[in-house]
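Residue numbers (this note's numbering), protein chains in the order written: chain A, 371 to 659; chain B, 39 to 201; chain C, 2 to 783.
Treat the hints as calculated values from the structure; they're not laboratory data. Please note: incorrect hints may appear among the correct ones.
[To be verified] The calculated lysine to any residue pairs, modelled on SDA-like cross-linking and capped at a C-alpha distance of 20 Å, are:
| no. | chain 1 | residue 1 | chain 2 | residue 2 |
| --- | --- | --- | --- | --- |
| 1 | A | Lys546 | A | Gln656 |
| 2 | B | Lys44 | A | Lys546 |
| 3 | C | Lys452 | A | Arg646 |
| 4 | C | Lys648 | B | Ala198 |
| 5 | B | Lys125 | C | Lys452 |
| 6 | C | Lys648 | B | Val169 |
| 7 | C | Lys648 | B | Lys44 |
| 8 | C | Lys648 | A | Arg557 |
[What the hints assert, rightly or not] Counterexamples of contact, computed for chain B against chain A with all Cβ distances above 10 Å:
| no. | residue |
| --- | --- |
| 9 | Asp66 |
| 10 | Asp161 |
| 11 | Pro162 |
| 12 | Ala186 |
[As the list claims (entries may be wrong)] Examples of chain B residues toward chain A, derived with CB under 10 Å:
| no. | residue |
| --- | --- |
| 13 | Lys44 |
| 14 | Val49 |
| 15 | Ala56 |
| 16 | Gly87 |
| 17 | Cys101 |
For glycine and all other residues, C-beta sits at the position ideal for the given N, C-alpha and C.
As a plain string of letters, each chain reads:
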Amino acid sequence: MKPPPFRYHDPQTLGEIVGLLGTLENAKLLAGGQSLMPMLNMRFVLPDHVIDLNRVEGLSYIRESGGALEIGAMTRQRDLEFSDLVASRCPLMHEAIQQIGHRQTRNRGTMGGSLCHLDPSAELVSVAAALDATVTVTGRAGERRIEFAEFPRAYMTPAIEADEVVTSLRLPLWPKGHGWAFVEFARRHGDFAIVSAAALIEEDENGKIRRASLTLGGIGPAPVRVREVEQALVGQTAAAELFGTACEACRKLDAMADVQAPASYRQHLAAVLSRRALEAAHARVQGRG
Amino acid sequence: MGETRKIIVTVNGTRHEAEVEVRYLLADFLRHQLGLTGTHLGCEHGVCGACTILFDGRSARSCLMLAVQANGHEILTVEGIAPGPDKMHPLQEAFRDNHGLQCGFCTPGMLTTLIEFLRDNPDPTEQEVRVAISGNLCRCTGYQGIVAAALDAAKRLQAAKRG
Amino acid sequence: MPPPGPGEYRGRIEDPPLLRGTAQFVDDIRLPGMLHAAFVRSPLGHAAIRAVDAAAARALAGVHAVLTRADLRPHLLSEFLAVGLPSPSYKQEVDRPALAGDDVAHVGEPVAIVVAESRYLAEDAAALVEVDYEELPAVADCRAALKPGAPRVHRNGPHNLVAEFDMGYGDVAAAFAGAAHVFHESIWQHRGGSHSIECRGDVAVYDPLEDRLTLWSSTQAPHAAMRALGAMLGRDENRLRVVTPDVGGGFGPKLVFYPEDVATSVAALILRRPVKWIEDRREHFTATTQERDQFWEVEIAVDGAGRILGLRGALIHDHGAYTARGVNVPYGAAQTVTLPYVVPAYRLEVKLALTNKVPVTPVRGAGQPQGAFVMERLLDRVARELGIDRAELRRRNLVPPERMPYATPLKTRGGIPVVLDSGDYPKCQLAVLDRAGWDSFPARQGAARAKGRYIGIGLANFVEGTGRGPFEPVTVRIGPSGKIHVYSGAAAMGQSTKTMLADLVAEQLGGDRANVTVTTGDSAAISLGIGGFNSRQAVMAGSSAHVAALKVREKALMVAGHLLEAAAEDLEIAGAEIRVKGAPTMRISLAQIAIALAGAPGFMLPGGAAPGLEATEHFVVDAMTYANGTAVAEVEIDIETGAVAIKRFVMAHDCGRALDRTIVDGQIIGGVAHGIGNALYEWMGFDDNCQPVTATFAEYLLITAPEMPQIELVHQESPTPLNPLGVKGVGESGVIPAAAAIVSAIEDALAPFGAHIAQTPIRPAEILALIEAGRRRHADSL
């Protein structure tokens with residue numbers, strides 16, 4: 371299990387990355403390496419070129435700007451985990467991060483790497499879907515923004531062109547006082563979730579749900595925003611029965627099957643975890659009633 | 039041999055200049071080029087944790103890094119944990135005294151992982167220790183001796199700090 | 002602090018290099034000129050090989066050889082690994098080839114060895130070897146394999162039945178005919194791989210000066226490997242040496258001799274360069290032997306009070322594609338079923354079926370966990386049906402202490418009577434029930450259920466055959482340096498074997514373990530050796546070490562008495578010297594005695610002693626000594642997800658005299674972890690074409706620290722009369738009852754749903770299905 375031969379490039383600037391992507395055939399971008407490196411070691415991917423992003427300046431940052439959190443693509447999961455800004459302004463991500471892999475993998479794994487690997491149960495991918503994030507990519511034609519809903523093109527395939535690189539993620543923030551929860555079911559601590567549910571809730575002073583976001587990971591080829599449930603909740607008064615009833619809709623979603631779990635089990639978990647996430651999010655709503 | 043690069047890397051405080059093949063894994067570089075064979079390979083797909091090293095003070099799986107990526111960086115391996123040939127680190131002593139190892143193959147990764155963890159969490163709970171080593175597989179101990187050793191080491195390190 | 006007392010932990014001599022990263026595992030060996038091997042392996046479950054084209058691979062710069070079976074042939078007396086243990090029950094011989102010939106019978110079967118300047122290059126070249134396969138039908142299910150018309154696992158084989166035997170005694174038909182109750186169970190049991198964190202590995206070195214081949218191998222059985230390799234290469238034992246460096250865990254499969262060991266050795270002979278092959282994890286999943294599926298159809302006959310009258314059934318065992326060890330896994334399973342209990346009549350028909358998968362050989366426990374699981378499932382069933390407390394039912398049936406030694410009518414696979422030598426099984430069960438709060442559990446369970454929480458408790462008894470004979474030699478030798486050198490045929494792979502031997506020898510020879518060196522796992526250091534498996538090292542090698550050390554002690558004292566002109570009984574050995582008690586100036590060092598016994602030309606040896614201060618002991622005992630224990634597990638089920646959390650696991654065990662209780666605890670806890678994995682996590686899956694579907698650590702789940710409960714142990718010590726130390730083996734104890742106790746607890750937690758579990762592993766989706774089925778039954782009954 372050793373990587374196949376390839377040419378190695380370690381650009382220092384974004385411009386150099388784009389230049390390399392524009393000229394090299396069959397190139398792979400190496401970010402934190404927590405997904406690409408196992409695939410190289412197993413020779414599941416055989417790139418002619420590896421472009422290492424770890425020496426590029428200016429792609430690692432976490433900042434708040436215009437009601438959104440902006441995160442550089444090379445920001446390590448570990449830095450997100452320990453960011454006070456993330457913890458206070460984007461608690462959903464803070465909770466999700468704790469459930470990603472292990473300390474050794476979070477120390478290396480990056481925001482952009484998770485997004486581009488696009489594992490259907492990856493926590494950060496679900497958070498991006500839950501928050502209606504915008505992905506910024508840069509290519510030869512310059513910079514463009516992709517709404518997250520348009521970002522997954524197919525199973526583990528982002529809608530970016532061969533000459534483009536993800537540079538940042540913009541996560542619109544929910545107002546202070548919103549409720550959040552990231553709940554997942556994995557066989558062991560740190561495993562990819564079989565199913566995960568990310569919930570966000572905003573309520574008015576009477577406990578009426580003003581806005582809701584529910585995202586399921588591990589169900590479809592990419593995270594699924596469950597609009598049917600979201601719509602069923604808005605305008606209603608938050609309550610356990612409401613969540614329970616609304617989340618039954620999750621059982622009808624098309625679900626994947628693999629060696630870890632059959633589709634029917636995923637559908638069942640989708641309903642259970644959605645309800646649990648919404649209940650937990652509701653319990654965290656501040657300033658109601 | 040394919041493409042190579044010259045790298046300069048500091049391992050356990052010693053500066054090394056070396057020519058490495060660009061596809062060479064960091065773990066293989068440490069083991070076979072520097073002869074630091076204490077870093078073990080148990081799965082080469084980033085799950086077992088035996089190859090854990092500290093990269094600029096942060097734990098990382100050296101099977102998921104290229105040697106060339108270490109250029110200009112500092113690495114600590116299991117060989118660099120003990121303060122000297124006659125003295126072991128309190129964490130190593132705690133492993134010995136709590137029977138925290140049997141075959142010892144996972145031990146280097148456990149030690150490096152816990153060096154970082156105890157540095158950042160000097161007074162952990164048992165559950166926190168269990169989560170801290172959740173990315174390290176051990177097939178011999180059932181983890182019980184390892185958890186006991188980590189908790190014991192935390193006490194020893196605290197006591198040493200109090201002096 | 003006072004020095005450690007008997008049985009107390011004093012640290013291990015193995016630890017310092019392991020903790021400092023200076024230990025020497027096989028992949029740590031670096032030799033000048035060393036080359037690296039990778040294997041071309043079958044990607045198919047069953048195929049004919051039409052052609053192998055290695056031209057492109059051979060042409061790659063840095064590649065030294067690509068060898069197929071035809072290339073090995075001139076160097077081999079035999080092209081097959083004939084290593085199966087003897088048994089009269091074989092129906093056909095299916096030995097593994099050194100490399101595949103005209104066909105392949107499982108994914109991962111080695112077809113060619115590629116040797117290159119680096120492992121990287123070897124893998125590059127292996128990918129260039131073109132093998133033209135004609136895919137053949139593969140057989141994945143061992144039950145289907147035995148059906149008429151099933152495709153054959155080997156296209157030229159007669160059928161898929163590799164062996165068949167009956168085990169049992171007594172008038173089973175009469176027992177069932179007269180029974181008040183008979184209950185039947187269909188049980189599927191799966192166990193997976195060993196997954197020592199260190200995979201296998203070899204370094205083969207040919208020394209033309211001495212015409213000697215040395216194979217450094219991560220093996221549990223170096224002497225057996227030496228004999229197997231010698232037979233295949235036609236090389237006598239003076240020109241062949243197998244050595245084990247530090248071994249990073251074994252757990253069974255490393256006791257097997259493998260095609261890679263042969264191919265690497267032949268490559269070194271051909272190339273006259275050291276050749277290293279280190280198995281990677283992907284290879285370990287497809288080329289290292291494993292345990293797998295057993296399907297049991299069993300029934301139990303009991304009287305009105307739940308006393309066992311008889312037990313009978315049939316077992317179909319997945320053997321894999323070849324015989325790599327023998328019939329021992331199903332034999333061990335069949336022989337374990339009844340052991341803790343008085344079972345008047347027993348009969349099991351056992352069939353071993355070929356499948357197109359990597360061969361099955363023992364993994365920690367070697368069939369015993371499956372045997373115990375079957376018995377304990379049947380007893381839970383009886384208890385439930387008859388409304389008897391599960392522990393009380395077992396108490397009624399356990400072999401009572403007053404019947405010890407208890408001669409069962411069973412025989413081991415070597416034909417030796419199974420006699421339970423010692424132990425108090427009911428007391429052991431009672432001890433763990435007290436510790437676990439068994440009697441008060443129903444109240445706690447009721448309170449939890451009232452809050453919507455589903456907790457359950459379960460128990461399992463086991464008796465483990467340990468210390469498989471006939472012997473394990475130990476030489477104790479004091480050299481002119483005064484150092485005590487211990488050589489054993491035992492093999493160490495993490496069980497603290499060196500510490501155990503050093504302490505047993507030091508106990509007789511001065512008490513200073515620092516004065517003792519221990520060499521294990523080297524075929525050149527001692528002529529015979531059986532190896533490390535079957536919970537046998539402390540029993541067999543420990544006993545030999547003890548007796549050999551006593552002999553050396555006796556001789557040293559005799560010679561010292563002669564030289565000091567004192568009676569031997571007035572002498573004591575302290576550290577590296579012998580002195581007259583009460584007269585510390587009258588002393589002589591062990592080194593001086595060793596030198597005296599090395600002889601001087603023309604002079605008599607002191608005291609008429611035989612030459613040399615050394616003794617070799619082959620403590621021979623054919624009968625196994627039987628350890629026992631009881632495990633109690635407490636679980637909580639999330640009935641919405643099917644997740645199982647093990648809240649508590651308490652185990653009482655009796656391994657006779659514990660030489661070091663901390664090390665004993667470590668062995669048991671490690672075994673329990675493995676057993677929990679078997680109960681809940683580990684599953685080696687194959688699809689219908691025999692493609693493995695769980696061949697990474699992301700899919701094949703080993704338990705990690707957060708899932709492990711803190712294991713509580715209760716010690717009982719019933720020394721065995723079968724060896725001078727009174728010790729019984731312990732290496733596999735923890736694994737044997739674990740799955741049975743956990744499944745019992747899960748079933749108990751799910752009693753409101755009428756759940757009935759007859760399988761391992763049991764996974765969340767399956768638990769959820771049981772809950773939903775229970776709800777449907779409940780709804781239907783309304």
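Taking the hints in turn, this is what the structure says about them:
no.	hint	verdict
1	Lys546(A) / Gln656(A)	holds, 8 Å
2	Lys44(B) / Lys546(A)	violated, 51 Å
3	Lys452(C) / Arg646(A)	holds, 17 Å
4	Lys648(C) / Ala198(B)	violated, 35 Å
5	Lys125(B) / Lys452(C)	violated, 54 Å
6	Lys648(C) / Val169(B)	holds, 17 Å
7	Lys648(C) / Lys44(B)	violated, 53 Å
8	Lys648(C) / Arg557(A)	holds, 16 Å
9	Asp66	violated, 8 Å
10	Asp161	holds, 17 Å
11	Pro162	holds, 12 Å
12	Ala186	holds, 19 Å
13	Lys44	violated, 13 Å
14	Val49	violated, 18 Å
15	Ala56	violated, 15 Å
16	Gly87	holds, 6 Å
17	Cys101	holds, 7 Å
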